[in-house]
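Visitor: Please take these sequences and the hints and turn them into a complete structure.
So the chains spell out like this:
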Amino acid sequence: MVKYLMKRILMSLLTLFVLITVTFVMVRLVPGGPFDADIAEMTPEAYANLMARYGIDQPLPVQYKMYMQNLFKGDLGESLQYTGVEVAELIGRGLSATLSLTFIAVLVALIIGFGLGIAAALMPNTWVDRLCMAISTIGISLPNYVVAIGLMYLLALKLSLLPVTGLSSPAAYVMPVIALALNPIANLTKLVKTSLIDALNQDYVTMAKSKGLSQVKIVGIHAMKNALLPIVSYVAPMIANLLIGSFVVENMFTIPGIGTMLATSITNRDYTTLSGMIIFYGAGVLVFALLADLAYVFIDPRVKFED
Amino acid sequence: MKQSATIRVRNFEKEQATIDWTPELVEKLDDSEKDTGFIAIESTTFLQDAWRKFKKNKLALVGAGFLILLILVCAFGPMLSPYTYDQIDLFNSNQAPTAEHWFGTDSLGRDLFVRVLIGGRISLTVGVVSALINLVIGTIYGGISGYFGGRIDQIMMRIVDIIYSIPTMLYVLLITMVFGSSIGTVIAAIAISSWAGMARIVRGQVLTLKEQEYALAAKALGANTWRILIKHLLLNSIGPIIVTVTLNIPAAIFSEAFLSFVGCGIAIPMASWGTLSSESLRTVMAYPYQMFFPVAAICLTMFSLNFIGDGFNDAFDPRRSK
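Residue numbers (this note's numbering), protein chains in the order written: chain A, 1416 to 1722; chain B, 29 to 350.
Keep in mind that the hints are not guaranteed to be accurate.
Derived pair list, reagent style DMTMM-like, types lysine to aspartate or glutamate, alpha-carbon separation capped at 20 angstroms [claimed, not checked]:
1) A:Lys1480 - A:Asp1490
2) A:Lys1418 - B:Asp189
3) B:Lys86 - A:Asp1544
To be clear, the hints were calculated from the coordinates, so they are not data collected in a lab. Every value quoted in this text rests on a predicted model; they were computed, and no experiment measured them.
Guide: Next comes the structure, spelled out in C-alpha cells:
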C-alpha cells in the first residue's frame, strides 16, 4: 500500500511538472509582448528596463530555470498588470470566494445527488424514479452557463428575488451554486442509482433481509458501503469539473474569484498572473484527484494488495 | 413450399408401382403449413441488431430526427435568407422578432436568425470535427497501446494519465491564446486535449478482446498484426467507440462555448452559439430574445446528442439485449 501511494504521489508530481512546463512554454509563445500596448509611449531604454525587470529579456532556458527555482520557493512571480503585486497575493484574494463557492456546490451536489439516487434506487419504475431520471437527464444536457443564464433571467431579472452579482449575501450564493452543482447532481444521481441497485441485488443483501434487518440498516450500512466504491472514483473528477466550472460561473455572476481573475488576465495579457493561475488551478485539481485516490485505498480493501 | 411439395410427391413416387399415379393425388399445401419446416430466425449482423434496438428508443429517434433537421436548416437556411450574418443595419438594431427578422436583430442590426444558423454551422462543425479527430488519435493510440502491451503499453498509458489528469480546458485555453481563435485552432485545441479518454477506452477494449479465441485463431491463420488489430479488435470495439464519439460532440460544443465566455472564442464577425449567447449576456435585461434563441439551440442540440448517445449505449451493449 505504501508503495502504491508513493507511486501515485510521484505520478502527480510528474504531472504537475508537465503542466508547469507546458504552461511556461505556451505562455512564452503567445504572439505580442506584454508591454506592446504601451510601447509607443516608451523610450527604448524604458522598454529595455521593463523587460529586464521581469526577466523577459533573458533567453528561454534561463527564464525557465529562474521560474522553476522561484516556483520551488512558492513564488509565482509578479503581476505584469498590477505593478508590485505578487501573483500569489492575487490568488489569495480570489481564493476565499472560489473555495467557498466550490465547497458549497460540492456539498449540495453530494447531498442532493445521493438523495435522488437513493430514492430512485429504492423505488424503481415509479414516478419518483422517473422524476429523478428526468432531473438527471436535464442536468447532464444543460451546460452550466445555460443554467446560469436561465436562473439569472428568471430569478434575478424578472422576479428580482436574488441579487444578480457578487457573493456579498448568503442569497447571492443560490444561483451560482445551482448553476455549478446541477451537472454533478445529475451524474451522481445516475451513478448512485445504478451502483445501489447493483449492490441491492447481491446475495449478502438477501441474507441481511432474511436475518430481519431493517430497510434503513440494509441500505445505509450493507448496500451503501459497497455502492460507494464507484461513486468515490467519480468524486475527484467531479470536484475538478466544479473548479473549472466555477471559472465560467464566476465570470457570469461577476464573483471576485480566481476564475474571474483568470479571464481578466487573459484580456490584459498578464502572462505571469495567467500562468500562475493555470498552475494553481491544475495543482488544485491534482490534489483533489490524489485525495480521492487515498480515500479509495481506505474504502476498498482490494487496492491494498495491488502492486 | 416447393421443398415440402416435392418431398410429398417423392413419397408417392416410391409407391408408384402400386398406385395409379394421377395429378389429383398431389395435394397443395395451404399457407399455414408453408413454413413449418423452417426453424432458424433470420440472421442479423451486429449493426443491424444495434439498429433494431436503437429504433426502439423513441427519445433517441426524436433526437436523431431533430439533429438531421437542424443540420439541413443550418446548411441551407442561410442561403435562402435575404440577409447575411455580417450585414450591419443600424436603423434596425435590437428589433424584436418580426416577419422580416424571425429571431429579431442584434445591437448592430444583424439578422439573428441567420446568425444563429451560421452559429449552428460553426458549433456543430467544431463538435463533429473535433470528435472525429479525437476518434482517430484515440483509437490509434489506444489500439497500439492495448495490442502491444508490456513496456510500450506502460509508457503510453503513463503519458495518457498525465494528459488526462490536467483539466482539458486549461490546454484549450493556452492553445487558443497562442495560435489565435480561428475555427481551425479551436477545433485543433479541443481535439488535441481531449483524446486521452478515448485512448483509455479503446485500450481497455483491445486488452480484453485480444485474449479471445478468435484473435488467437486469426493469428494462427497467419493474419498480420495490423489486420488483427483493425479488423478483429478495433471493429469489435465499435460499440463503445461510437458511444464515446457521440458524447464527445456535446463536450466539444461545451468547450467552444466556454472559450467564448472567457473571451477566447471564435472571432467576430463570425459567431458560434457560445459567442452569440455570451454577447447577448450584457443586454439580456432589455433584449431577452437575443439570448433565448442561441441558448435554446444549444439546449436542444445537447438533449438530442445525449439521447442519441444513450440510445447507442443501449443498442451496442450486448448485456442489454432484449
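Visitor: Does the structure break any of the earlier hints, and which numbers would those be?
Guide: Per hint list: zero violations.
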